[in-house]
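Peer 1: Work out the full structure, taking the sequences as your base and the hints as a guide.
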Amino acid sequence: MTALMRLENVSRSFRKGKIEVPVLQEVNLEVDPLKFLCLVGESGCGKTTTGKILAGLLPPSAGQIYFQGDDVATLSPAALKEYRRSVQIIHQDPYASLNPVHTIDQMLSFPLLHHKLVRNRRHARERVAELLELVDLTPVGDVIDKYPYQLSGGQRQRVSIARALTTNPSLIVADESVSMVDVSIRIGLLQMMMRLRDELGVTIVFITHDLALAKYFAWEGQIAVMYLGRIVEVGPTPELIAQPQHPYTQVLLSAIPEPDPEKTRSKQHIRLRSEDIPKLTELPSGCTFHPRCPWFAPGVCDQAIPQLGRSPGHQVQVACAPLLQGQALRRYGSSAEEDGA
Amino acid sequence: MEALPENVVLDVEALSIIYQAERGEVLATNNVSFRLHQNEALALIGESGSGKTTVSLSLIRKLPRNAQIVAGTIRHQHQQEIREVLQLSKRQLRSFRWQACAMVFQGAQNAFNPVLTVAQHFEDTARAHGWTDRKEVRKRSWRLLELVRLDPERVYASYPHELSGGMKQRTLLALGVLLQPQIVILDEPTTALDILTQRAMIEVLREMQRVLQFSIIFISHDLALAAEMADTVATMYAGEIVEIGGVHELFYRSQHPYTQGLLASVPKLEPGKDQLSSIKGSPPNLIDPPPGCKFHPRCAFASERCQQDVPVLQPRAQHRVACWHPEAITDRQQGSA
Amino acid sequence: MFQGSANVASRFRQLVTLFHQIRANRAGFIGLLGLIGYFILTFLLPYVVPFDDQPKLDEITAPPGSRLQLAVHRDNAERFRTLEDLAGETVGVVSQTGGLLFLKEFAETTDTPPKAKRYRWRSRISGPGIEAALKDVANQKIAATLVYSQAWKEAVEQADDPAFQKLIQETVVISNPTLGPMSLLGTDTQGRDLASHIVHGGRVLILTALLGGILSTVLAVCLGSLAALFGGVVDQSLTAITNLFLAIPRFPLLVVLAGLISFENTLLLGVLIGLLGWPALMRAIRAQVLSLRERDFVEAARSLGLGTPHIMFREILPNMISFVAINLIFAITSAMYEQIGLVVLGLAPINDYTWGIMLFFGRTRGTLFNPDGISMALSPVLAIALFQVCLVLFARALEELFDPRLRGK
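If you read the protein sequences in the order shown, they are chains A, B and C.
Letter by letter, the first sequence follows residues 0 to 340 in numbering that gives the first Met the number 0.
Letter by letter, the second sequence follows residues 0 to 336 in numbering that gives the first Met the number 0.
Letter by letter, the third sequence follows residues 0 to 408 in numbering that gives the first Met the number 0.
If you are wondering where the hints come from, they were derived from the structure by calculation, not from laboratory data.
Yeah, the Cβ is synthetic: ideal placement off N, Cα and C, and Gly gets one too.
Keep in mind that the hints are not guaranteed to be accurate.
[Claimed, not checked] Within a straight-line C-alpha distance of at most 27 angstroms, the following computed BS3-like cross-link-like pairs (lysine-lysine) qualify: (1) A:Lys266 <-> B:Lys279; (2) A:Lys17 <-> A:Lys278; (3) A:Lys262 <-> B:Lys267; (4) A:Lys262 <-> B:Lys272; (5) B:Lys272 <-> A:Lys266; (6) B:Lys272 <-> A:Lys34; (7) A:Lys15 <-> A:Lys278; (8) A:Lys115 <-> A:Lys80; (9) A:Lys145 <-> B:Lys272; (10) B:Lys267 <-> A:Lys34; (11) B:Lys61 <-> B:Lys89; (12) A:Lys115 <-> A:Lys145; (13) B:Lys279 <-> B:Lys267; (14) A:Lys15 <-> A:Lys80.
[Stated by the list, open to error] Here are the computed distance ranges between Cβ atoms for each label pair: (15) B:Ser276 <-> C:Leu14: 20 to 30 angstroms; (16) C:Leu289 <-> B:Asn112: 23 to 33 angstroms; (17) B:Pro296 <-> A:Ala72: 49 to 59 angstroms; (18) B:Gln306 <-> C:Leu14: 40 to 50 angstroms; (19) B:Arg64 <-> A:Glu7: 51 to 61 angstroms; (20) B:Arg64 <-> A:Gln306: 57 to 67 angstroms; (21) A:Asn167 <-> C:Thr16: 30 to 40 angstroms; (22) C:Ile213 <-> B:Ser88: 52 to 62 angstroms.
Peer 2: Shown next as structure tokens:
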């Protein structure tokens, strides 16, 4: 099976004054068709940048991007346009992602008319109505001629999704798309997005900081955990959640409160060695997590940058030197006998 | 004045607040009553527009100008002395806000004056409340900063911009309890914080509460946070408390369809596939709320009675629920369990 | 894009709602009404109100500070009762700049005879009249005498008395003290109707200001969005030019240029003001486009492959339109002030009679130092200031109009 999209050693840095800030480093990622992928990480981990690179909105500083097996850099202008249209992005803030000066009808018609996907204005309006129905914005008549400010957050996010669907994309990058929506309607949005995959064959890459949400969304797909511009662990969701390998994933999972008083209060929290997140401009040597890692192995972790690989006996790929060498993790400063985690 | 049980620090009774909006009157808070006990952590959970922030602002009388408290009392009890918060004069209010009831807002970034050092913030606050001994202030500030797991030596002399978001949030917390309030109100204390920072914040809060012995009211839309931190949870919907009770009661034996709906829509981390469902519909327009139970247009159990009569909080099992059909809901729970 | 009559109808409906939206904002509506009023005043009224440009006074040769007395011929006294009343009194002063300042207002009062002091002229100017009056004048060492008609002046000239000859040379003649139909604002130093000047003095001034404002705004929007959208060398060079322009003090440069270039047409001054006025706004527009360019909805449009023209004109520009409109209005305001500044300093063409020139004459005729010249000094100032106030109020309404979020409330 060819991957729908593949990132190969993609790096991206931004210039901030005279300093290069490496936001993304040597990211390898495969997006399989019709499989959900979640990019998870804290702020500044590069997940949004990855999303923008996937959507073709940001050129990488280095590395290759393959779309349906073709290197994007070698595409003809026409094919490049086709690729751009095939990958759409849904932003986090439904208040910022819709132009306040257009009605819903207008903003959905623009791409339809521009790419001649419809014959005329009337046809465009019919198609817009269809799309709105697809994202459960019914009755359509209540919404179609409204301005974004007249809609609720959840409705706007649906409009945003409908707009992404105008160009019949094969991949949608949803960047924190439900984090600003109220809890009670979040799941409805996610379920609608999951339904779109079945009905329209759209693959969705979901970017979130919420592991529980990622778990729900990508249960049949994959989760990639990012830390400081690198993917530290990627694999099938059930396994990654049940048996997290990378220390960072473990710490994250242990830190998240659960909506269950008993469970959350009995949860073992893994203490970090340091709470300070390194600056992207002053990244530690070797594994960038090592100054905070409870299982820091001196001489191993702070030397070479670990690459993603399969640790023995696991499906998930992990970037952690001791694990890849088949060693058990050992608490920093503890002897072998004490080691329990 | 009616006496309060000794361990009650705050008693809110039938509080109703109206906002004058351009399009009409918004009943932001309707008939809200609850009691906060010593050392208790109360979580007000609800979605945006449920009135939880309005309630918290009214406790320290920081409501915006267009808000009006139309009914209700707020009483604060400290050392057997009861004060009517809504009757306090401006001067009394100033001391009340810091010495009895401190509020830590979300968005710690904006709470500090960027041209003053952390030390100046602490000293100014202390001086404003008649505490002039700088050495004493410094001693207490350092102790509090240590308590929030910050390095006082570094933090005390620095300017706000030199601190990270999580550090600012914790410094703000230390500043909030400088004058030993009995109540600390936290507005979305962990929203906008990263997971690991959030964890540190939760632990710091716990530790502080243990050492300093204050009561907490926190406002959040995050059920997991409530599960982790609260002793008592109150669910708010459309300006009303629809269910209130102990955290275990609410999470395991909830009897209000809205609380249940919220619980059913929160993804969990435990291994295994989640069966989640969302609450259909969207929150009501508070200018023209539905009659009867405000949740009825979204409720699967709604009957004719729900469309006409407003349910009030009634004791059910170990907690209180505002619903006409708790039996049906309990039955379904048992059926599905 | 828009076809059919249905669209015309919907456009019309939009216009109607537009009007209602403007009406909803009271201050803005007042501004709009004011602007309409100004349009009527300066563009329509000139067709009705004749321009009173006949000086009714001779050039004054008396030294500054001289006091002028009024002598009135008996034959005409019935027509100008006010003049009669004032006969023999000091009615004006020769100003520092050689202009004539009236201390009393002249008005045609045929229909309403004043009650005051009619006897005075009878006693003073009776019989041969003129001699006595002029003697009085001479005795009081008053430098000049004001007479109200040419015919009378000739009569004086014919008098043999050599003592009068000197006085005659210093006599100022009001050739026709008939005031215009709108005498509410009084006259200028030459006895001309100020109201007619206000009516006729606005058109060119406003047109020039509009031209300057629109030109500078268009330049600013074009250059600013070019710089922001293309970036790189285009941006750098445009920004460098802008900075250069910003570094030169604008008004002095304008003064120098206006001095170098002599304009036949005042409108050309507007072009010059426009050409110098864009840099500050260009920087602001550039910043706006730069920030709007990063907005999520622009990114979404890029992702949808809608192309740069669409992004500029359908996504970005509509979001700046209120900003542009408001700045357009401020550009018009400042273009007007600059033009007036030049005129008042005497550095601009004065072949078109404008409010600025009224101010210029007011200043040179010394009205600024004399409370009695208040009408001449204040009428153009008020006309200009009220116009600006209307513009600014209207700008506020525009702001609301273009922002659907504000509209909704």
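Peer 1: Taking the hints in turn, state whether each one holds.
Peer 2: Okay, the hints, checked on the actual structure:
1. A:Lys266 <-> B:Lys279: violated, 32 angstroms
2. A:Lys17 <-> A:Lys278: Holds, at about 16 angstroms.
3. A:Lys262 <-> B:Lys267: Holds: A:Lys262 and B:Lys267 sit about 11 angstroms apart, inside 27 angstroms.
4. A:Lys262 <-> B:Lys272: Since the Cα atoms of A:Lys262 and B:Lys272 sit roughly 17 angstroms apart, the hinted pair holds (cutoff 27 angstroms).
5. B:Lys272 <-> A:Lys266: Satisfied, since the Cα-Cα distance of roughly 20 angstroms is no more than 27 angstroms.
6. B:Lys272 <-> A:Lys34: This hinted pair holds, its Cα atoms lying about 16 angstroms apart.
7. A:Lys15 <-> A:Lys278: At roughly 13 angstroms apart (the allowed maximum being 27 angstroms), A:Lys278 and A:Lys15 satisfy the hint.
8. A:Lys115 <-> A:Lys80: Roughly 14 angstroms between the alpha carbons, so the hint for A:Lys115 and A:Lys80 holds.
9. A:Lys145 <-> B:Lys272: Since the Cα atoms of A:Lys145 and B:Lys272 sit roughly 38 angstroms apart, the hinted pair is violated (cutoff 27 angstroms).
10. B:Lys267 <-> A:Lys34: Status holds; Cα separation ~21 angstroms.
11. B:Lys61 <-> B:Lys89: Judged against 27 angstroms, a Cα distance of about 12 angstroms means the pair holds.
12. A:Lys115 <-> A:Lys145: With Cα atoms ~24 angstroms apart, A:Lys115 and A:Lys145 stay inside 27 angstroms; holds.
13. B:Lys279 <-> B:Lys267: Between B:Lys279 and B:Lys267 the Cα gap is close to 20 angstroms, so the pair holds against 27 angstroms.
14. A:Lys15 <-> A:Lys80: violated, 30 angstroms
15. B:Ser276 <-> C:Leu14: 20 to 30 angstroms: Violated: the Cβ-Cβ distance is about 48 angstroms, outside 20 to 30 angstroms.
16. C:Leu289 <-> B:Asn112: 23 to 33 angstroms: Since C:Leu289 and B:Asn112 have Cβ atoms about 30 angstroms apart, the given range 23 to 33 angstroms holds.
17. B:Pro296 <-> A:Ala72: 49 to 59 angstroms: Check passed, 53 angstroms falls within 49 to 59 angstroms.
18. B:Gln306 <-> C:Leu14: 40 to 50 angstroms: holds, 44 angstroms
19. B:Arg64 <-> A:Glu7: 51 to 61 angstroms: Holds - the Cβ-Cβ distance for B:Arg64 and A:Glu7, about 58 angstroms, lies within 51 to 61 angstroms.
20. B:Arg64 <-> A:Gln306: 57 to 67 angstroms: Hint holds: Cβ distance 59 angstroms, inside 57 to 67 angstroms.
21. A:Asn167 <-> C:Thr16: 30 to 40 angstroms: holds, 36 angstroms
22. C:Ile213 <-> B:Ser88: 52 to 62 angstroms: holds, 58 angstroms
Violated hints for the displayed structure, listed by number in ascending order: 1, 9, 14 and 15.
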